[in-house]
Each structure stands twice: as C-alpha cells, then as structure tokens.
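Line by line, the protein sequences give chains A and B. Anchor point for the first sequence: position 112 equals 112 in this note's numbering, and the numbering is continuous, going up by one each time. Anchor point for the second sequence: position 2 equals 2 in this note's numbering, and the numbering is continuous, going up by one each time.
To be clear, the hints were calculated from the coordinates, so they are not data collected in a lab. Watch out, some of these pointers could steer you wrong.
Claimed, not checked - Pairs of lysine-lysine, DSSO-like flavour, derived with a Cα cap of 27 angstroms:
#, chain 1, residue 1, chain 2, residue 2
1, B, Lys17, B, Lys57
2, A, Lys105, B, Lys11
3, A, Lys77, A, Lys52
4, A, Lys105, B, Lys57
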Amino acid sequence: GNSVTQMEGPVTLSEEAFLTINCTYTATGYPSLFWYVQYPGEGLQLLLKATKADDKGSNKGFEATYRKETTSFHLEKGSVQVSDSAVYFCALSEWQAGTALIFGKGTTLSVSS
Amino acid sequence: GAGVSQSPSNKVTEKGKDVELRCDPISGHTALYWYRQSLGQGLEFLIYFQGNSAPDKSGLPSDRFSAERTGGSVSTLTIQRTQQEDSAVYLCASSLGGLSTDTQYFGPGTRLTVL
C-alpha cells in the first residue's frame, strides 16, 4: 500500500541555519504531495503542496520539489527562524487509493536563537 | 471565512461509555474526513464522506466506531463502549471536492481521554 517515510526528529537548529527534512513516498499511481505544519498548541495547517512531478511548492520561505524519479518531496528552508519551531508532516493523497491523506510520522523542529 | 470547527474541544469519559464528536466543515465543502492523532500511531485516517455518503470507511478500527453526515454538512463520529486505547485527538478535515489534489483544511480537534 501507499506510505510516507520522513526523517526522524527532533531536529535542533540555530536561527538562520539551513533546514532539510527528508520525505520519501511509495505510491501505486500519481499522488499529490503535501507538507503540513503543526505549531505548538495549534491545529494542522497546510504549508505547501505539489500535485504533479517536477512541481515546486513554496510558502513562507519553505520549498519542496516533487521528484518522481526518486519518489521524494524534501522540505527545505534557507534560513530558519525561532517561529518555525513546530512539527512538520509529509503526506500524500492518491485517488486510486481513496483521497484520504497518508501521513509520515512527523518531524519536530526546534530552532534556538 | 469560518474554518472547520469541532466540539467539544476536550472530552473525558469513563471506559465503556459512548461518546459523540461533532464536526462542522467549511461551508460549501463536499468532502469531509475524520482522522485521529495519537503518540503511538501518528496520524491515521478513519472515514471519508462525499456529501452524505461514506465511500471509504476503511480506517475505522472496529465496529464500535461509526459516523454519519447530514445535510451535506455537519458530521458526528460516535464511539461506543469506549476503551482506553481510544484516547487520542480526533481531527476533522474538509475539502472542496474530495479530489486528491484538493487541500484538506483541518479543525482544532477533540482531545478524548478514556479513563
């Protein structure tokens, strides 16, 4: 079945450091890929998405490129801020398998000043 | 506009009792999803509604779990004879049309604690 694997956390960085959170997926067809973020005490919210191969999603300085050849959707940010501290979830949705989101286990990011 | 709302925000119950959790999706969204989030299992899909019908119930963990949606809007998730392993945060999400490309918007969740 479909699945998402993302790097284990926690990830601890200093402010202005470069961030990469790896995400790879297994899917039978052509999924849409998402990054959701959960800030402390808040609900899940969409950070960015890409719906076809080679698309790049971007938002708030974060980027991720849909790489079909490596089945990956790695999240990157050039310079993190303390306010980026949160849990990040990679997810996929594919109509052939129903359209429910399948999530990775989440990566906790902690940024210190 | 208004987002997805859920009630109650917290629910504490005793083992063996029934509970009902409510979700109000974004107006006009035809698709509605229930998930649960627990430390051990992460984020798990439970059930999907398109309009008032549920074409995908594959994530319901047992027959103690059921859900309905009325008027293409509000949904209720019912857990009968609650067990301690049912303790989790129950999340509701809605999307415009239920396509795999659609963004799902999540509510704040209901934290269920079974004593």
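Evaluated hints:
1. Lys17(B) to Lys57(B): OK: Lys17(B) and Lys57(B) at ~23 angstroms, within 27 angstroms.
2. Lys105(A) to Lys11(B): holds, 25 angstroms
3. Lys77(A) to Lys52(A): holds, 21 angstroms
4. Lys105(A) to Lys57(B): Measuring from Cα to Cα gives roughly 22 angstroms; hence the hint holds.
This entry satisfies every hint, going by the numbered hints stated previously.
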